[in-house]
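Novice: In order, the protein sequence lines correspond to chains A and B.
To convert, note that position 198 of the first sequence is 204 in the working numbering; the numbers rise steadily by one, no gaps.
To convert, note that position 99 of the second sequence is 116 in the working numbering; the numbers rise steadily by one, no gaps.
By construction, these hints were calculated from the structure, which means they are not laboratory data.
Any given hint could be a false lead.
Calculated from the model, a selection of chain A residues having no Cβ within reach of chain B, i.e. all distances over 12 Å [said to hold, decoys possible]: (1) 51; (2) 99; (3) 108; (4) 118; (5) 180; (6) 181; (7) 318.
Label pairs and their in silico Cβ distance ranges [said to hold, decoys possible]: (8) B:215 / A:37: 16 to 26 Å; (9) A:89 / B:44: 35 to 45 Å; (10) A:37 / B:108: 20 to 30 Å; (11) B:246 / A:166: 37 to 47 Å; (12) B:246 / A:229: 51 to 61 Å; (13) B:108 / A:163: 37 to 47 Å; (14) A:67 / B:98: 49 to 59 Å; (15) A:37 / B:77: 23 to 33 Å; (16) B:82 / A:155: 20 to 30 Å; (17) B:260 / A:117: 35 to 45 Å; (18) A:117 / B:206: 43 to 53 Å; (19) B:81 / A:322: 53 to 63 Å; (20) A:322 / B:39: 39 to 49 Å.
Ideal placement from N, C-alpha and C gives every residue a C-beta, glycine not left out.
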Amino acid sequence: MSNTPVSAAVRKPALNPRKVQSIKMFLLILPFMLLVFLFSYFPLHGWVYAFYDYRPPFQLSDCEFVGFEWFTSMFATPAKRAQIGDVMLNTFVMSGLGILTSWLPMAFAILLTEIPNQPFKKAVQTLTTLPNFISWVLVYSLAFSLFSSSGMVNNLMIRLGVYDEPILYLQMESNVWLTMWLWSNWKGMGWSAIMYIAAITGIDQELYEAAYVDGAGRFRVIWHITVPGLLPTYFVLLLMSVANFLNNGVDQYYVFQNAFNKKRIQVLDLYVYNLGLGSGSYSLATAISILKSLVSLTLLFTVNGLSKAFRGESII
Amino acid sequence: MAATGARPVGKKITLGERIFIVVLYLFFLLFTLICVYPFYYLIINSISANDVSARGDVMFYPIAVHFQNYIDVMKIEGLGQAAIISIGRTVLGTLCTIIGSSFLGFMFTQEKLWQRKFWYRFTVATMYFSAGLIPWYITMMNLHLTNNFLAYILPAIVQPFNIILVKTYIENTPASLQEAAEIDGAGVLRIYAQIIVPISMPVLATVAIFAAVGQWNAFQDTLMLMTDQDLYTLQYTLYQYINQASSLARMIESTGGAISDSVITAATQQTPTSVRMTVSVVVVLPILLVYPIFQRFFVKGIMIGSVKG
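Sequences and hints are given; from them, build the entire structure.
Specialist: Spelled out as structure tokens, the structure:
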């Protein structure tokens, strides 16, 4: 206050140096914030495409405004209802299978720590994590080598006389749900277990010692000390997978997709891709995306609310 | 890793426990075999005689080892270009992720930053929603990022999850270093370059490894954004090869006859199987080679990841 005349002499009385510094720092991150805006917020304007009959070569302004027609058209005819029904069923079964068996990596980790031989344990951990680091394309390549008509499994089975004609495993519609589940567990089991293995290391050793002094056996110790110690970690991961119920991703299902198994492999994400970029129904695909986003956000906030209520901690 | 669930010394192991342990060993041995065998199968097939591998006779060990396949796949048009694209996006994309994550992670710890909390939330919120595939695709098209190499790089710059990792890490380092530098009159950029980057090397190494694996394995962006063959990545090219390996084998045969002076025998003549296996090995080899180095970062990375900022 006392140095007002001095500031007046500098001719910029309103700007204090702290503020200038603060704005200068902002200017440094501005380009990054523009990228965030461009790639994550700006695309939201595309939601208007769901309300038009958008056909790519034309400008949006030349296309007809149709209101909620795309949203209602999804359920307009029995054939369309059946198709959406199939897609939803696939999504529910595949996500559901994943959630029902999400305790497997925890069991894997608990059992692995029961192995007394450290080098063996370490080797198992390292080698079972490897598949997590290859792409789904490569997983498909491995699957093709092993399970195609001329693949290793068919060869072996025919040679052993188990059956005479090759079985087209990759083109079977009936077992797609199971094989997709198996491949995601083949790829992800070791990796998911690492988090639990680390958590087990963090459990207080004195608990174990006390339990053994009290005469508890191996299985009782696992059940009463290790499992409760891992439940908080499990709970967070479970909630995350519930929040991602509709987000199966495209890669895995796209590479394994073929004309024979399409009906049973099309999860929501793949359906949107096939519909939009595959057959050019941009507007309908956008409409489905919007519904999916809204449901996903609702799930996320519900799950987060549950987590706050029961654990006193949010997960986002 | 410390021994966990330590058993008291000298306690008698019951017969039931003994059987349990044996069953565990067998189970983990089997599971590990199932994880590793497919890779082994690819490799032994890619170096075995092609007529034998095409019949599916190579199962446990290579037969009549030769390396002609690796010379021949180089003749496949586009594979070299795809390798350049894949390496290019992995190197540049990873570099961008490191710079973006470390700089923003650092800036978001600075109390002085204008509206710091808002911009942090603005960035992190993007992890939890998405406009959807088509709106994203149309945006990329309008930004002229379809058939543009920059589409591989620009989205790598701001990655909220990695920013959180770095921010948490910096918050857990002593503030005294920064304060001392500030007293010496160092500006924000100098503090970033001379203090923050060196001290956050461990977390940046973790970020770099996951970013590099992600870039190398990326498939979806090529599938959706690129129609220009010169911008195809190895992953995408491999996907195409799996579906059309037979025509490729014929292509190599026809150019091979003209170019190479070696006599093509049944053992070295390309078959759909040999092409598929060999290209697969080429695509997976970088991962297998760096895997022993980066696997020690797993636990570190996953543990920082579970601590949220």
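Novice: Look at each hint and say if it fits the structure.
Specialist: Hints and how they fare:
1. 51: violated, 7 Å
2. 99: holds, 22 Å
3. 108: Residue 108 (chain A) clear of chain B: closest Cβ-Cβ about 16 Å, beyond 12 Å.
4. 118: Violated, because the least Cβ-Cβ distance between residue 118 (chain A) and chain B comes to about 7 Å, which does not exceed 12 Å.
5. 180: Residue 180 (chain A) clear of chain B: closest Cβ-Cβ about 23 Å, beyond 12 Å.
6. 181: holds, 18 Å
7. 318: holds, 15 Å
8. B:215 / A:37: 16 to 26 Å: holds, 24 Å
9. A:89 / B:44: 35 to 45 Å: Holds, since residue 89 (chain A) and residue 44 (chain B) (Cβ atoms, about 42 Å apart) stay within the stated range.
10. A:37 / B:108: 20 to 30 Å: holds, 21 Å
11. B:246 / A:166: 37 to 47 Å: holds, 43 Å
12. B:246 / A:229: 51 to 61 Å: holds, 58 Å
13. B:108 / A:163: 37 to 47 Å: holds, 44 Å
14. A:67 / B:98: 49 to 59 Å: violated, 39 Å
15. A:37 / B:77: 23 to 33 Å: violated, 56 Å
16. B:82 / A:155: 20 to 30 Å: Distance hint for residue 82 (chain B), residue 155 (chain A) holds at roughly 26 Å.
17. B:260 / A:117: 35 to 45 Å: For residue 117 (chain A) against residue 260 (chain B), whose Cβ atoms are near 39 Å apart, the range 35 to 45 Å holds.
18. A:117 / B:206: 43 to 53 Å: 51 Å Cβ-Cβ, so the 43 to 53 Å window holds.
19. B:81 / A:322: 53 to 63 Å: holds, 57 Å
20. A:322 / B:39: 39 to 49 Å: Holds, at about 44 Å.
Comparing the model with each earlier hint shows violations of hints 1, 4, 14 and 15; every other hint is respected.
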